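The listed protein sequences derive, respectively, from chains P and W. Per the numbering used here, residue 585 is the first one in the first sequence, and the count goes up by one each step. Per the numbering used here, residue 154 is the first one in the second sequence, and the count goes up by one each step.
A hint or two may mislead.
Some chain W residues well away from chain P (every beta-carbon gap over 12 angstroms; in silico) [what the hints assert, rightly or not]:
id, residue
1, 155
2, 171
3, 174
4, 181
5, 215
6, 217
7, 218
8, 236
9, 313
10, 318
Pairs of lysine to aspartate or glutamate, EDC-like flavour, derived with a Cα cap of 16 angstroms [said to hold, decoys possible]:
id, chain 1, residue 1, chain 2, residue 2
11, P, 655, W, 200
12, P, 638, W, 305
13, W, 323, P, 643
14, P, 652, W, 204
In case anyone wonders, no lab produced these hints; they're calculated from the structure. Being a predicted model, the structure only gives us computed values, none of them experimental. C-beta atoms are modelled at their ideal positions from N, C-alpha and C, and glycine is treated no differently.
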Amino acid sequence: MADMKCNVAVVLMHDHLDGDLAREEVIQLQQHLVQCPSCYARYESLERTDALVKALPIEKAPDYLSDKIMKSLPSPRRPAAWTS
Amino acid sequence: MKPLETRLARLALRGDQRAFAEIVDMYKDKLYHLAYRMTGNRQEAEDVVQETFLRVYKNLDRYDENQKFSTWIYRIATNLCIDRLRKRKAIYSLDAESNEHEGLDGYAMLPSDDRTPESELLLSETQRLIHGAIATLPVKYKSIMILRYLQDMSLQEISDVLEMPVTTVKTRVHRGREFLRKKLEHKL
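Okay, chain P solo, but in the shape it has when bound (with noise of 0.2 angstroms):
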C-alpha cells in the first residue's frame, strides 16, 4: 500500500488514536508516514494534542459541595398519619 493517499492516512491516524485499528493498518499507516513527511508531521501533532488534553489536570468540586446538595434534596415524604 506505498500509494495510500493523504486523506485515507487522515482517517487511519484517527482510528489509531482511538485505538481502533487493526495490526495490518497500523502497518499500512506506518508505511505512509515514513514516506510522506507532511502526514508524519500532522500525525505527531495529533497525538501530542490528544496527549496535553488528557493530561489536563481534574478539576475537585469544592468541600462544601456535597453538604450543600444534601441540604437542597427535598425531604423525604413523611407517613400522613396524623393528618388525616
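Starting from the known structure of chain P, fit chain W onto it as the hints suggest.
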C-alpha cells in the same frame, strides 16, 4: 449482584439519605470536572452538579437498572451543560456587539470566575492554552471531547450517554481532535 450504584439508588429510593450521600460522593468530582470544562466557569459548574443530583434524586424511581448508573447520571449532567451553553449563545446572539466575539461560544464574554491569583499561577501556560482551546469548541464537539478525554469514556459509552450512533461519535471525535490540533498547533 447488582452494581454498587444500583444498590445505593434502590436504598435512596426507599428514603435512605446516607445511600444517596454515597452516590454524591462517588460522582461529585467527576461531574464537577465535566461541568467545569463544559461551561468554563466554576459557579456554573457547581450549579450544574447540584441540579444534576437533584434531578437524579427526584427521578430515582425512573432509573432503568438495565443501563449503567453512570450513563444515566452523565446524560443528565451533559444535557444540563448543553442547555446552558445553548441558552448562553442565544442570549449573546441577541447582542449586536457579540459579532466581534464570533466563535467564542460566549466563553470569553463571561465574567471571570473567582479563582484566586495564587491558584491561577499554578496553571501552566500550556494548560491555560488547552483550556482555552476546549472552551472554543462548538458545543456538539465539546461534550464529546470532554467525555472522551477528560472522563476517559469509550466511544460506545459516549454513544450511550448522548443517545447517538457510535459512528456519529467517532466522526465528531475526529473533527474535534482536528479542531484542537489547529487551535494549538502554532501555540505549543
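When the hints from earlier in the document are held up against this structure, which numbers fail? 2, 3, 4 and 13
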